[in-house]
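A.B. asks: Make the full structure from the sequences, and use the hints.
There are 2 protein chains.
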Amino acid sequence: MSDSDPIGIGLAGFGTVGSGVWNVLQRNGGLITDRTGGAVRLEVRRIAVRDPGKPREAKAPEALFTTEWKDLIEDPSVDVVVELIGGTDHAFELVAAALEAGKPVITGNKALLAERGVELFTLSKERDTPIHFEAAVAGGIPIIKAVQESFIGNRIHTIVGIINGTSNYILQRMTEAGLDYPAALAEASAKGYAEADPTLDVNGWDAAHKAILLATLAYGFPIDPKNVYVRGIEMIKPLDITFAKELGYVVKLLSVVREHDDGAVEIRTQPSFIRRSHILAHVNDVFNAVAVSGDGIGDSLFYGRGAGQDPTASSVVADLVEAARVLKHTAGHRGFLPYRETGTLVPIADTETASYVRFPVTDRPGVIAEISQVLAEAEIGISGTHSPVDPDHPDADFVEVVFLLHTCRFGKLKRALKKIEALDCVTDRPVVFRIESLT
Amino acid sequence: MSDSDPIGIGLAGFGTVGSGVWNVLQRNGGLITDRTGGAVRLEVRRIAVRDPGKPREAKAPEALFTTEWKDLIEDPSVDVVVELIGGTDHAFELVAAALEAGKPVITGNKALLAERGVELFTLSKERDTPIHFEAAVAGGIPIIKAVQESFIGNRIHTIVGIINGTSNYILQRMTEAGLDYPAALAEASAKGYAEADPTLDVNGWDAAHKAILLATLAYGFPIDPKNVYVRGIEMIKPLDITFAKELGYVVKLLSVVREHDDGAVEIRTQPSFIRRSHILAHVNDVFNAVAVSGDGIGDSLFYGRGAGQDPTASSVVADLVEAARVLKHTAGHRGFLPYRETGTLVPIADTETASYVRFPVTDRPGVIAEISQVLAEAEIGISGTHSPVDPDHPDADFVEVVFLLHTCRFGKLKRALKKIEALDCVTDRPVVFRIESLT
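Going down the list, the protein sequences come from chains A and B. If you read the first sequence in the numbering used here, its first letter stands for residue 21, the second for the next number, and so on. If you read the second sequence in the numbering used here, its first letter stands for residue 21, the second for the next number, and so on.
Don't take each hint at face value.
Which copy is meant is left open, because identical chains are indistinguishable; a pair holds if it fits in one copy or across any two.
Calculated lysine to aspartate or glutamate pairs in the DMTMM-like style (CA-CA distance at most 25 Å, straight line) [stated by the list, open to error]:
1) 74 to 254
2) 438 to 25
3) 439 to 95
4) 438 to 109
5) 211 to 315
6) 265 to 196
7) 79 to 315
FYI, nobody ran anything at the bench for these hints, they're computed from the structure. Here the structure is a predicted model, which means the values were calculated and not measured.
C.D. replies: Set out below in structure tokens:
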């Protein structure tokens with residue numbers, strides 16, 4: 021394969037994630053090529069689906085579609101196979117056939133890897149053909165790459181994760197709105213956060229499959245799901261939630277992986293109490309989080325969207341780039357390559373936030389009026405003022421006056437502050453803090 | 021280079037991080053080789069230091085030491101150069117010379133890359149020799165790899181980070197203990213959280229350098245530090261902290277990188293108010309966090325130790341493995357390779373946590389005594405009991421009794437619960453939640 025050839029992709033499945041992958045490649049394919057110094061161009065060449073007539077979320081040319089997944093294996097223009105059909109039977113056949121054919125596989129199928137990973141990873145090793153599965157655990161969170169590559173020099177002590185968004189949402193609604201389990205599940209379904217059959221989400225097995233994958237990465241040996249302890253959230257009552265709250269805890273469906281001193285590995289998934297002050301207690305909605313602790317990194321945590329079209333597609337595409345780099349032997353430069361000669365920076369004067377400004381002033385009547393007047397002339401809105409009294413010096417001559425200001429251009433604010441600084445009553449430079457509105 | 025040859029490492033600098041790298045390789049070198057399917061063996065072959073007589077935190081054979089960094093370039097047994105000498109002059113010469121010689125470079129020197137990255141990345145491209153710098157931003161957090169590889173299919177919208185541990189510690193102490201800035205700085209110094217010269221930490225430039233690197237990765241063009249807005253934390257008064265608190269905010273030294281709709285990039289570092297409910301507000305002590313939002317992943321966040329010997333060494337070692345894989349052209353298999361035939365799982369009965377148990381019972385005198393008796397016989401400690409009254413049915417016949425139990429083996433607990441379940445007064449299976457003690 022020459023350096024300029026695109027990598028041919030065969031998609032098996034063109035539902036939510038498959039359409040997402042297609043869309044990402046349409047939208048950001050050029051950016052990916054730029055970021056890899058021109059080395060990686062990705063091209064979908066075949067899409068296997070059961071029913072080609074079904075309406076899809078993405079528009080791909082009809083000529084790409086086939087109803088035979090075997091076409092992906094046999095078509096020599098397909099270099100990499102993306103398995104998005106789900107389940108453990110056909111998916112197994114497909115992945116095994118691709119590996120046999122020396123075609124790297126990308127999959128997000130946690131059940132497949134947790135149930136039949138031993139066979140597939142062995143085949144992967146024999147055929148020297150990798151399986152990439154970033155999308156299998158925690159959607160858009162790159163936890164697989166982190167454990168496998170970034171923490172490769174670490175002995176992993178523990179991995180603790182909230183890795184099922186549906187159950188996390190249900191527990192949160194039980195906690196916040198006082199709903200009982202059936203009502204919270206119904207709400208999750210209505211919002212599209214629970215699948216038509218939510219069994220694997222609420223009985224803990226979806227999370228357990230992911231925990232098995234993480235433990236396999238961290239400790240390197242096959243783990244039989246039959247030996248793994250799993251409990252779901254179905255039996256939780258509002259009473260448990262309330263009582264947890266009263267005690268300073270939050271209830272989360274937690275997957276815990278831990279290496280004991282003797283090298284044995286603990287792995288379990290169950291509803292757990294965690295103290296409200298812990299960062300994991302703040303993982304809400306359908307978000308996921310995974311905390312990893314190791315002998316080098318200490319404690320670290322990854323947080324993000326655990327599912328959904330775009331985050332999952334993003335992980336599949338990252339794996340595609342990885343597979344492409346290997347196939348093209350362009351691994352020769354994996355460092356950063358500047359890909360734009362130049363770009364534009366936003367002048368700081370043109371950036372906007374709300375702000376807090378503190379003015380050191382002489383304490384005399386009219387000070388706030390004078391400052392406000394300058395702000396009014398500059399058309400900068402005031403959302404609040406405050407001049408805190410120092411209880412030790414209630415009659416001090418010099419005090420601080422604080423203004424909270426509406427969002428405005430920083431340049432405009434700076435000009436107004438210059439004028440205010442020149443006022444007789446202002447004794448020193450004002451101190452500005454931006455008030456960031458974070459999502 | 022044959023597949024079984026080790027990769028020769030030249031360390032420039034053998035202070036905190038250099039010693040850490042040495043120790044990680046001694047401790048976990050075998051694990052790294054296993055995890056890479058035998059492909060990567062790392063061997064330190066030369067260590068350049070200014071004063072070989074200085075006492076070190078790690079013990080390396082004397083024969084490895086040299087006082088000439090040029091030896092690392094000239095010694096053919098050195099395949100990869102690790103720059104840990106700091107500063108921007110000698111470090112620049114060293115890195116440039118290594119790249120010229122076709123030796124991949126690993127560095128954690130954010131000042132060097134932010135100030136002179138344009139020259140070095142250009143040279144890296146010309147010589148087809150990568151610079152790896154995971155250790156340059158946020159110590160043990162793999163944010164460089166995340167932005168560069170995991171999010172390669174994303175248009176990055178924003179990166180918001182708390183990426184200077186020293187200033188974060190100072191601000192936290194001002195917030196929690198009401199210290200003023202000089203007192204909090206003195207405390208940070210006493211605890212070893214501030215360097216002998218903390219200037220770059222508290223004036224915002226250390227964070228700004230890291231923000232420049234992240235922006236360069238995300239947007240691909242060189243950024244001149246002169247065009248970047250930076251303010252430090254030195255002028256913050258207890259008054260500002262108090263007022264922020266009253267308003268529901270927390271003050272953090274925040275680095276903000278954001279792409280505007282027209283493609284221009286905003287980049288600034290300054291103390292900011294963020295609302296107390298935001299996850300970034302919970303980043304305490306010397307921890308770092310980086311929130312990244314992109315068109316695929318949505319919102320994600322990375323949290324961990326931002327500095328320190330082990331986390332930083334862990335990142336250097338991950339980069340060494342990356343460099344080794346490329347040098348050995350063993351990129352052929354970058355997927356997961358099971359490296360142990362088998363391992364031991366801890367039986368669930370042998371796992372231990374504190375727990376919460378709810379018993380559905382008949383409401384009659386003696387119930388709590390009977391249950392407590394079984395627990396006492398099993399030598400399971402009780403830290404609290406509670407039988408919540410349903411205000412709508414204060415005289416209900418069936419109620420719930422909750423016990424909080426001390427840490428004990430799960431198997432022991434299960435046996436006791438079986439006995440309790442058999443009591444006449446217990447009407448249904450008890451419900452157990454583990455109380456996790458998370459760090």
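A.B. asks: Hint by hint, say whether it matches the structure.
C.D. replies: Hints, verified against the model:
Taking the closest pair of Cα atoms, residue 74 and residue 254 never come within 25 Å of each other, the shortest separation being 34 Å inside a single copy and 62 Å across copies. Within a single copy, residue 438 and residue 25 get their C-alpha atoms no closer than 58 Å, and across copies no closer than 65 Å, so neither meets the 25 Å cut-off. Taking CA atoms no more than 25 Å apart as the test, residue 439 paired with residue 95 passes in neither setting, with 72 Å inside one copy and 63 Å between copies. In the homo-oligomer, the alpha carbons of residue 438 and residue 109 never lie at most 25 Å apart, since the shortest distance is 71 Å inside one protomer and 39 Å across protomers.
In the homo-oligomer, the alpha carbons of residue 211 and residue 315 lie at most 25 Å apart only across protomers (22 Å), although the nearest pairing inside one protomer, at 41 Å, exceeds that limit. When the C-alpha separation of residue 265 and residue 196 is checked against a cutoff of 25 Å, the pair qualifies both within a copy, at 10 Å, and between copies, at 24 Å. Taking the shortest alpha-carbon separations for residue 79 and residue 315, only the inter-copy value of 19 Å comes in at or below 25 Å, while the best intra-copy value is 48 Å.
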